[in-house]
Amino acid sequence: MAEVATFSAPSSGWALVWRRFRQERLGMAALVGLTLIVLGCFMGEPLLVRLLGHGPDTFFPSAVDINLRPVGPWSHVRNESLNAAAQPGTTFFLLGGDGPLGRDEFLRILAGGRLSLEIAFIATAIGVVVGVTLGALAGWFGGLVDAVVGRMTELVMAFPILLLVIAIGQTIAVRFDAITIHGLFEPGVVALGVTIGIFSWFYPARVVRALTQSLREYEFVEAARMTGASELRILRKHVLPHLAGPVIVWATLVASGVIILEAALSILNFGVKLGTASWGSLLSDAWGSLLVFNPMSNSPQYSRNNWLMLWPSLTLFLTVLCLALVGDGLRNALDPRRGEG
Amino acid sequence: MLAFVVRRLLSGVLLIVLLTFVTFFVANEIPQNKACIVMHCTQQTTRAEMVAALHKAGLDRPVLVQYGDYLWRIVRHQSFGPGWAVLSPDSEIRSALPATASLVLGGMLLTMLLAVPLGAIAALRPRSPVDHSLLTFSVVGLAVHPFVLGILLQQFAMHAFGAPRSLYCPLTTHAVPATPTFPGQPIPLNVKGPDACGGPLQWAAHMAVPWLVFALFFVPLYLRMIRTRLMDTLGERYVMTARAKGAGERRVVLRHALRNGVGPLLPMVALDAGTAITAAIYVETIFALPGLGHLAVVGLSGEFFDGVYDLPLITSLVFTIGVFVVLLSAAADIASAWLDPRVRERTARGLIPLPGFLRRSVARA
Chain A
292 MAEVATFSAP SSGWALVWRR FRQERLGMAA LVGLTLIVLG CFMGEPLLVR LLGHGPDTFF
352 PSAVDINLRP VGPWSHVRNE SLNAAAQPGT TFFLLGGDGP LGRDEFLRIL AGGRLSLEIA
412 FIATAIGVVV GVTLGALAGW FGGLVDAVVG RMTELVMAFP ILLLVIAIGQ TIAVRFDAIT
472 IHGLFEPGVV ALGVTIGIFS WFYPARVVRA LTQSLREYEF VEAARMTGAS ELRILRKHVL
532 PHLAGPVIVW ATLVASGVII LEAALSILNF GVKLGTASWG SLLSDAWGSL LVFNPMSNSP
592 QYSRNNWLML WPSLTLFLTV LCLALVGDGL RNALDPRRGE G
Chain B
123 MLAFVVRRLL SGVLLIVLLT FVTFFVANEI PQNKACIVMH CTQQTTRAEM VAALHKAGLD
183 RPVLVQYGDY LWRIVRHQSF GPGWAVLSPD SEIRSALPAT ASLVLGGMLL TMLLAVPLGA
243 IAALRPRSPV DHSLLTFSVV GLAVHPFVLG ILLQQFAMHA FGAPRSLYCP LTTHAVPATP
303 TFPGQPIPLN VKGPDACGGP LQWAAHMAVP WLVFALFFVP LYLRMIRTRL MDTLGERYVM
363 TARAKGAGER RVVLRHALRN GVGPLLPMVA LDAGTAITAA IYVETIFALP GLGHLAVVGL
423 SGEFFDGVYD LPLITSLVFT IGVFVVLLSA AADIASAWLD PRVRERTARG LIPLPGFLRR
483 SVARA
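Taken in order, these protein sequences are the chains called A and B.
Just remember that our numbering sits 291 ahead of the position in the first sequence, which is counted from 1.
Just remember that our numbering sits 122 ahead of the position in the second sequence, which is counted from 1.
Don't take every hint at face value.
[As the list claims (entries may be wrong)] Calculated from the model, a selection of chain A residues having no Cβ within reach of chain B, i.e. all distances over 10 angstroms: (1) F350; (2) L454; (3) A458; (4) R466; (5) G519; (6) K528; (7) S547; (8) K564; (9) V611.
[Unchecked claim] Simulated coverage check for chain A against chain B, where a stretch passes if three residues somewhere in it have a Cβ under 8 angstroms from a Cβ of chain B: (10) 416-430; (11) 612-622.
[Said to hold, decoys possible] Which chain B residues face chain A? A few, computed with CB under 8 angstroms, are given here: (12) N155; (13) M234; (14) V270; (15) I403; (16) V445; (17) L449.
Hints in this document: simulated from the structure, not taken from any laboratory.
Where is the CB? At the ideal position from N, CA and C, for every residue including glycine.
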């Protein structure tokens, strides 16, 4: 990976990478799948809400039976909800109801996906920006900067991220829950994303540091220096473009890690506040008896619906799998040893 | 070598002090009425009484003084002092240690036992069906959420082999919680009766599935790394030399390639010590093992202790986990430094320098 883009100019390089990536069948399929998931969550959900006439948070008493057991997949439900105006006829639940409250599981998965993906995006962006900055500075200047960044990396790496995120999230980040950036995000999303982000920068930092160290020795750097470019300008204009490829590959890895971590936080009841759907909270609702103290789930009347365990785990699995495969395909496409594709 | 060990341990101590300080500071910032935690508050409690209670507990002093006091108590009395919500963090942590230690150490061992042979098999037959299926397994294994995997394996083992659903059986004594505990419930100790279990056999039987889940958290990643490393090593000149000398394939792989290719794995294990605790939190939650991760989740969620965030318990947990992580990673670092002098120099460059007087006495020893 170290020699990635040094063999071709950045502009023609990306066209070449894209040409090679299109030959990666698995990577292309994963990219299509990922695009579908993202589109489904961000555009499909509002569209479906319009079409079906009910939202992800609408309660349907008619979607549960007398034992509060929700309807199964592919069901038509009387369109009488508790918290929205009643409409004539029936409405359609593709994946059935979500639990005793009788909400639409499919819409909740899409809405929850939006939340999970937003958190993943914020955290990955922060992790990559911080990681690239620190890693490039450490690799470029060496010495004291390198030592300080190296210690910080080890400190963050050596300690359990989950524990640190929980600790920060429960104590300090709670105060920033209200930040929504003019209603762009749900409450708590920014706080959680930033909290996870500040603990996700070390992998990119390590990779970028090693890459920068090797790039520093190349002739084009010397050439730039001879023309009188300042150190920071060389770093910005000549070194950073070479880092883009590997950083994108690592960003997919960080993003999949963040998605898994966010789900774990929600399962442990440390995620976004209860009631808001996210993939993790949908999982923990289905497995409530084990992970979150939910006295309801031990009563004999409440029998769990196995479908509800399947859907969120499957969505989570497919998203992370697609991210990993896109990363793999990109890594292959960026590999100079594979010749001109 | 001794100087290296001392420096490695010193930098570990520095790491722990830094981490506990941050935790102490952060936990101190939690908005909660500390006076009502250290005393019983009623409607009639006056402000003066609260101030007096705070003063009596020493909580009105500057944070730095409180932190110094906390550290001094650990050094002088080997105790974390009284807790706010739990009676004594000492006993809570002492009862949680064995479960986490057996989970992490056993799980790490199983990880290595699975990852090294599988990685070697994949590397020896690159692009064969075996290699492809192992790589597929590794991608899928990375994508499955650890909680999903854990619960599936738990249910499967329960129904197929009648494995115990959860609970921890101590290695030595006959003491066990009678029922699965929910977070926040006190864990009963020294239960006598039909539920009591213990001893190596039952310990291993209860830990088998948790170990597997723990190992499957790391195996996909390690398998890939070992495969790549070993494939690179097999292309090296000295492997060719070994083959040219007429060494058998088994000897080439085991003695020459594997030893050199897998050696650099030890520092990686060291860096993953923190991740191991994250994995332990997952596994302990799924299997209701009364370990440190379980305790951390309970202690940090606040709501299980009537909304009280137990600062001494939280800091003490971070301290204990820090010591655990530092010892694990120091052991791995020292082992790899002992195996490879180049690693020793590289690691030593990042360590804090010994003060002169210490360096001389250590060098003499």
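Consistency of the hints with the structure:
no. : hint    : in the structure
1   : F350    : holds, 25 angstroms
2   : L454    : violated, 6 angstroms
3   : A458    : violated, 6 angstroms
4   : R466    : violated, 8 angstroms
5   : G519    : holds, 33 angstroms
6   : K528    : holds, 30 angstroms
7   : S547    : violated, 7 angstroms
8   : K564    : holds, 12 angstroms
9   : V611    : violated, 4 angstroms
10  : 416-430 : violated (count 0)
11  : 612-622 : holds (count 4)
12  : N155    : violated, 15 angstroms
13  : M234    : violated, 20 angstroms
14  : V270    : holds, 4 angstroms
15  : I403    : holds, 5 angstroms
16  : V445    : violated, 12 angstroms
17  : L449    : violated, 11 angstroms
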